[in-house]
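Novice: Chains A and B, in that order, give the protein sequences. For the first sequence, numbering that gives the first Met the number 0 assigns the number 0 to the initial residue and increments by one for each residue that follows. For the second sequence, numbering that gives the first Met the number 0 assigns the number 0 to the initial residue and increments by one for each residue that follows.
Note that these hints are calculated values from the structure, not bench results. Owing to the predicted nature of the structure, the values given are computational and were not obtained by experimental measurement. Note that beta-carbon positions come from the ideal geometry of N, C-alpha and C, so glycine has one too.
Listed next, with one range per pair, are the computed distances between beta-carbon atoms: (1) A/Ser20 x B/Phe86: 28 to 38 angstroms; (2) A/Arg44 x B/Met59: 18 to 28 angstroms; (3) A/Leu110 x B/Phe36: 37 to 47 angstroms; (4) B/Asp35 x A/Arg115: 42 to 52 angstroms; (5) B/Phe36 x A/Asp48: 19 to 29 angstroms; (6) B/Ser20 x A/Glu13: 49 to 59 angstroms; (7) A/Gln83 x B/Asp96: 31 to 41 angstroms; (8) B/Met59 x A/Asp119: 39 to 49 angstroms; (9) A/Gln83 x B/Lys128: 49 to 59 angstroms; (10) B/Asp94 x A/Ser20: 21 to 31 angstroms; (11) A/Gly50 x B/Asp94: 13 to 23 angstroms; (12) B/Ala63 x A/Ala5: 46 to 56 angstroms.
Just a few of them, taken from the derived set where beta-carbon distance is under 8 angstroms, the chain B residues facing chain A: (13) Arg23; (14) Ala24; (15) Val27; (16) Arg28; (17) Ala30; (18) Gly31; (19) Ala32; (20) Phe36; (21) Pro38; (22) Trp41; (23) Asn42; (24) Arg44; (25) Asp94.
In silico negatives: residues of chain A with every beta carbon more than 12 angstroms from chain B: (26) Thr6; (27) Gly50; (28) Arg117; (29) Lys128; (30) Thr136.
Number of protein chains: 2
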Amino acid sequence: MTTISATDVAVGTELPEQVFSVTRADLVRYAGASGDFNPIHWNERVATDVGLPDVIAHGMFTMALAARVVTAWVGDPGAVVDYQVRFSRPVVVPDDDAGAEVTVRGTVGALLEDDRVRVDLTVTSGGEKVLSLARATVRLPR
Amino acid sequence: MTTISATDVAVGTELPEQVFSVTRADLVRYAGASGDFNPIHWNERVATDVGLPDVIAHGMFTMALAARVVTAWVGDPGAVVDYQVRFSRPVVVPDDDAGAEVTVRGTVGALLEDDRVRVDLTVTSGGEKVLSLARATVRLPR
Chain A
0 MTTISATDVA VGTELPEQVF SVTRADLVRY AGASGDFNPI HWNERVATDV GLPDVIAHGM
60 FTMALAARVV TAWVGDPGAV VDYQVRFSRP VVVPDDDAGA EVTVRGTVGA LLEDDRVRVD
120 LTVTSGGEKV LSLARATVRL PR
Chain B
0 MTTISATDVA VGTELPEQVF SVTRADLVRY AGASGDFNPI HWNERVATDV GLPDVIAHGM
60 FTMALAARVV TAWVGDPGAV VDYQVRFSRP VVVPDDDAGA EVTVRGTVGA LLEDDRVRVD
120 LTVTSGGEKV LSLARATVRL PR
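Using the sequences and the hints, build the whole thing.
Specialist: Now the structure itself:
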């Protein structure tokens with residue numbers, strides 16, 4: 000259900016922040032769901048052998064988490080008409096129950112034609128930006 | 000395609016032996032396919048914390064491998080009308096590309112009514128029996 004309308008938002012409107020925990024178990028599930036079984040996402044021996052600090056999250060999984068902040072705000076996943084990110088740093092997932100913390104903040108960055116807005120996302124883990132130029136275009140109801 | 004007929008077999012007929020390699024990657028895939036995400040099947044920290052020597056294979060995965068020796072022999076998975084095993088020891092899967100070796104041998108143990116035969120399976124890994132009382136009932140064409 001859409002809860003935000005085009006008349007409610009302005010440049011600078013902030014979306015509710017969300018903090019996600021990403022565990023190794025999430026990555027094993029995402030491997031099966033996505034078909035991406037690259038062992039850098041579940042095996043630290045392989046990950047460190049190829050120069051990574053540890054197991055890292057699938058980039059598309061992080062991208063999907065960030066999108067949830069937008070879809071939770073607008074209430075309707077179908078309202079997202081465009082979504083792009085660059086993967087700037089990996090989300091490093093330690094081998095414990097807490098996993099990695101991924102914090103997603105969103106701000107309305109521009110008002111576009113036809114009741115569309117651009118949401119600019121800031122996605123961090125361990126104090127570093129893990130996505131850059133993360134932007135969603137959302138069509139809001141009147 | 001069924002390649003064995005009821006007139007070809009006797010008590011003591013041996014099925015072609017198969018040796019399977021079971022890797023951690025197989026278990027991550029099987030977790031997704033089966034929905035069994037228990038970390039003892041993909042995380043050695045958790046596995047050793049609960050007293051296991053290392054990551055172990057899903058029992059049902061081992062059971063499925065053993066069944067392949069029967070279905071490869073008879074040529075038709077639908078010919079297997081009953082299949083039972085007991086899980087006697089875990090298949091321990093080291094963190095390397097070779098993984099665990101699972102050897103499956105089968106012998107016709109009994110001729111039953113209606114062109115059915117009982118196949119007795121011997122399934123070993125690391126020199127130990129990992130399944131016991133592993134028996135498949137197969138209906139053979141005339």
